[in-house]
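Protein chains: 2
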Amino acid sequence: MLDARIIEALKNIVGAENIATERQDLLCYSYDATQMEYLPAAVVHPANAQEISSVLKLANQEGFPVFPRGAGSGFSGGALPKAGGIVLVTTRLNRILRVDTENLIAEVEPGVVTEQFQQAVEKLGLFYPPDPASLKFSTLGGNVAENAGGPRAVKYGCTKDFVMGLEVVLPTGAIIRTGGETYKGVVGYDLTKLLCGSEGTLGIITKIIFKLLPFPDAKKTMLTIFDSIDGAAKAVSAIIGGKIIPTTLEFMDHATLQCVERRFNLGIPPEGRAVLLIEVDGDRDLIEKQAQQIHDIIKPLGLVQFRAAKDNAESEQLWKVRRLVSPSLRDVNPDKYNEDIVVPRSKVPDVIRLIEQIQLRYDIPIVNFGHAGDGNIHVNIMVNKSLPGMEKKAHEAIREVFEAALSLGGTMSGEHGVGLSKAPFIELELSPEQIATMKAVKQALDPNNILNPGKMFPW
Amino acid sequence: MLDARIIEALKNIVGAENIATERQDLLCYSYDATQMEYLPAAVVHPANAQEISSVLKLANQEGFPVFPRGAGSGFSGGALPKAGGIVLVTTRLNRILRVDTENLIAEVEPGVVTEQFQQAVEKLGLFYPPDPASLKFSTLGGNVAENAGGPRAVKYGCTKDFVMGLEVVLPTGAIIRTGGETYKGVVGYDLTKLLCGSEGTLGIITKIIFKLLPFPDAKKTMLTIFDSIDGAAKAVSAIIGGKIIPTTLEFMDHATLQCVERRFNLGIPPEGRAVLLIEVDGDRDLIEKQAQQIHDIIKPLGLVQFRAAKDNAESEQLWKVRRLVSPSLRDVNPDKYNEDIVVPRSKVPDVIRLIEQIQLRYDIPIVNFGHAGDGNIHVNIMVNKSLPGMEKKAHEAIREVFEAALSLGGTMSGEHGVGLSKAPFIELELSPEQIATMKAVKQALDPNNILNPGKMFPW
Numbered sequence: 001m002l003d004a005r006i007i008e009a010l011k012n013i014v015g016a017e018n019i020a021t022e023r024q025d026l027l028c029y030s031y032d033a034t035q036m037e038y039l040p041a042a043v044v045h046p047a048n049a050q051e052i053s054s055v056l057k058l059a060n061q062e063g064f065p066v067f068p069r070g071a072g073s074g075f076s077g078g079a080l081p082k083a084g085g086i087v088l089v090t091t092r093l094n095r096i097l098r099v100d101t102e103n104l105i106a107e108v109e110p111g112v113v114t115e116q117f118q119q120a121v122e123k124l125g126l127f128y129p130p131d132p133a134s135l136k137f138s139t140l141g142g143n144v145a146e147n148a149g150g151p152r153a154v155k156y157g158c159t160k161d162f163v164m165g166l167e168v169v170l171p172t173g174a175i176i177r178t179g180g181e182t183y184k185g186v187v188g189y190d191l192t193k194l195l196c197g198s199e200g201t202l203g204i205i206t207k208i209i210f211k212l213l214p215f216p217d218a219k220k221t222m223l224t225i226f227d228s229i230d231g232a233a234k235a236v237s238a239i240i241g242g243k244i245i246p247t248t249l250e251f252m253d254h255a256t257l258q259c260v261e262r263r264f265n266l267g268i269p270p271e272g273r274a275v276l277l278i279e280v281d282g283d284r285d286l287i288e289k290q291a292q293q294i295h296d297i298i299k300p301l302g303l304v305q306f307r308a309a310k311d312n313a314e315s316e317q318l319w320k321v322r323r324l325v326s327p328s329l330r331d332v333n334p335d336k337y338n339e340d341i342v343v344p345r346s347k348v349p350d351v352i353r354l355i356e357q358i359q360l361r362y363d364i365p366i367v368n369f370g371h372a373g374d375g376n377i378h379v380n381i382m383v384n385k386s387l388p389g390m391e392k393k394a395h396e397a398i399r400e401v402f403e404a405a406l407s408l409g410g411t412m413s414g415e416h417g418v419g420l421s422k423a424p425f426i427e428l429e430l431s432p433e434q435i436a437t438m439k440a441v442k443q444a445l446d447p448n449n450i451l452n453p454g455k456m457f458p459w
Numbered sequence: 001m002l003d004a005r006i007i008e009a010l011k012n013i014v015g016a017e018n019i020a021t022e023r024q025d026l027l028c029y030s031y032d033a034t035q036m037e038y039l040p041a042a043v044v045h046p047a048n049a050q051e052i053s054s055v056l057k058l059a060n061q062e063g064f065p066v067f068p069r070g071a072g073s074g075f076s077g078g079a080l081p082k083a084g085g086i087v088l089v090t091t092r093l094n095r096i097l098r099v100d101t102e103n104l105i106a107e108v109e110p111g112v113v114t115e116q117f118q119q120a121v122e123k124l125g126l127f128y129p130p131d132p133a134s135l136k137f138s139t140l141g142g143n144v145a146e147n148a149g150g151p152r153a154v155k156y157g158c159t160k161d162f163v164m165g166l167e168v169v170l171p172t173g174a175i176i177r178t179g180g181e182t183y184k185g186v187v188g189y190d191l192t193k194l195l196c197g198s199e200g201t202l203g204i205i206t207k208i209i210f211k212l213l214p215f216p217d218a219k220k221t222m223l224t225i226f227d228s229i230d231g232a233a234k235a236v237s238a239i240i241g242g243k244i245i246p247t248t249l250e251f252m253d254h255a256t257l258q259c260v261e262r263r264f265n266l267g268i269p270p271e272g273r274a275v276l277l278i279e280v281d282g283d284r285d286l287i288e289k290q291a292q293q294i295h296d297i298i299k300p301l302g303l304v305q306f307r308a309a310k311d312n313a314e315s316e317q318l319w320k321v322r323r324l325v326s327p328s329l330r331d332v333n334p335d336k337y338n339e340d341i342v343v344p345r346s347k348v349p350d351v352i353r354l355i356e357q358i359q360l361r362y363d364i365p366i367v368n369f370g371h372a373g374d375g376n377i378h379v380n381i382m383v384n385k386s387l388p389g390m391e392k393k394a395h396e397a398i399r400e401v402f403e404a405a406l407s408l409g410g411t412m413s414g415e416h417g418v419g420l421s422k423a424p425f426i427e428l429e430l431s432p433e434q435i436a437t438m439k440a441v442k443q444a445l446d447p448n449n450i451l452n453p454g455k456m457f458p459w
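Those sequence lines, one after another, are chains D and X.
Sequential numbering from 1 applies to the first sequence in my numbering.
Sequential numbering from 1 applies to the second sequence in my numbering.
None of these hints come from the bench; they were simulated from the model.
We put the beta carbon where it would ideally sit given N, CA and C, even for glycine.
Some clues are possibly wrong.
What the hints assert, rightly or not - These stretches of chain X come out as covered by chain D in the derived footprint (C-beta under 8 angstroms, 3 or more residues): (1) 28-40; (2) 82-96; (3) 102-112; (4) 189-203; (5) 322-335; (6) 354-366; (7) 399-411.
With the hints as constraints, model all of the structure from the sequences given.
In structure tokens form, the structure reads like this:
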């Protein structure tokens, strides 16, 4: 609960119409995609960096925590107000400020929805590649704060790779610019990349300068089915070794295929044990040549089926297999824990085998799919939470999944972040000295621990 | 001067044969490419991270500064021991630890020379694109510490874009790992990118994990001459707008052309006012098509000459124009200040015009060339330092060059870093709040200001 005096002060900053304190309003900002729930004391909707700065200065004076939030679509509880205090929503800062078609950069506010930005620049012949699954509703500010990835990361990189500069309100309320609008720049420390993926713990992003690319000429989609996971994994290395870096190299394991086939009957051959959905983009002639090369490269690796789309309609048809994964998972069990481990890409079969053992040991169905090109596997632990003891069992299985990834030189998360859900596990991955260094940075920028406390580190 | 007791302690750490205290030995480590000179009290050559850690712990106890140094080829005085203390040379850590051809990563020690690394991975069919001009002697540790660039940055990015993880000795002596060997990873703050370009002020790099690419199939070099700088600048935007991102887009202004032509007589037509040396790489068929497309795109922009190399020998011939720039500059004046401003690429003609005015105002020849694709221009202020007042005049002109770049949304440095030479100017570019934030990070990691003090910020 916040003091009435503080609520009054917040009203003075953002206007009475931009603050909510009623339970029914607070509920809307109490959850995210993790299904965890924490009720804030108030929700504020500031209009600009100045108002955000004033809120943070007040928070430092009065000692209440502030939890920044975009669309609340995160998979790690990063936007949840675990410690009470206020949720600060950035969705009113939702303008695309400019798109510079000559220098291929854009400046936006954090509340712009990812897909809307992509469509706006595409109209100008430009390309913003990062494509998190949430792109229809997630905001660019959240994408930057979490360093969102997506299928196209294997060729183009993640959100961070497109961020050239930021305007940020620091936890103390100071407003700074980081980076800039030049492709190179080595003056001072790289605060831009430090803030990307800092999960709203080091600053609230109020402007983003993105680098853009020319929109690719054409794309070519291929659905390829292998008789083993090893074959699919070898195909990934062989394609890249063959000097082709596909736009996407989406992987689905046998359990995933079975889910999709059971529900949608797409005609996946029964001997298919793993799928790679491959897409190349670029010059129209080159991609046709690459499609042929890819076929020749992967043919000896236990290829069961190879379908190449002739046009966009056929491409959409092939993507359907991937898109139907999520809707069909619920047939397995009503609840899922969606983790997103990463291993060096050659270790994908090893980690899948370790996960199969975990599955057997815990007797919980686990379905794996994801981005094979960068070794980023979405591990879906399917449970029925209403059964007694299931949640605890699932958490133990999750810990073992993380340990499996780490044992192969991997990481617990490639896209979702640590937030609340992985904070208890962070010591599995980071050494005490690494954590101490990160906490020293946090302490330096947020001496009163006002901004998004309780996230990332177990405080 | 260091206490004999401290020298003794250092000998115990690195071995008596790996420390130098005699003036003639110290002299070798007193300068870099800037021609500034500062004599250290001692030079140590540790063998590994543990020894470096012990040296830093001793430095904290005894309160002497430590200046890390690779090959000493920097252009900003970053490795110079301005405040006395010791120089710590990392060149004994010079092993390529492994090249993983399946996952396209390599792990190296910081003392490996850039070109030797490139050649080693090329033998395995792999590609490490960053190509600073110093690559024949600069070390990878220095490249990371300064975030070195080079002509190929326009397509491939700078050193930082290839660093996936580090082992670092922090200023306190703690040894930590940052990042890892996966292409994605969002667990904790991005200390890797924070350390890249931190100019040896936040840690001493002892291992680097690099991302590699398949070596490109083929390349095609084109020498293109324009009748105006505006034509050349428009060509850059038009080529990229035409969906072609060349590997290099090297620019030379009229003064540069005159220098080269005067000395080497390469047959550059007199109406030529600006050169773009363009290279594309990739698929053999595609690059031929792209060369034709480039020709068609730039033809209406005042193209005076277009020469496309038919093979590697002809390509070398065309690159000669660019390679002869440095040797021919000394004909203008014996001394040069080599700055490396960046502006958004469409602003290159504007900044060249502003520099022409500065040249006239100060009556100092200024020769501009560099990487037009990313707007990174090497501004060479040619002086004769032996003439009275010249140095002061040059410094005033340099300040105006920086101001010109900043007025166009640019930065003072795209590759060389701040070091000592730009520290007095950093407040032109960064706000007091930005500097305070960076200093807070430095203070958090280096509470006793032991590591490379006096660099980057005016302390």
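Comparing the hints with the structure gives:
no. : hint    : result
1   : 28-40   : violated (count 0)
2   : 82-96   : violated (count 0)
3   : 102-112 : holds (count 4)
4   : 189-203 : holds (count 9)
5   : 322-335 : violated (count 0)
6   : 354-366 : violated (count 0)
7   : 399-411 : holds (count 3)
Hint check: violations occur at hints 1, 2, 5 and 6; the rest are consistent with the structure.
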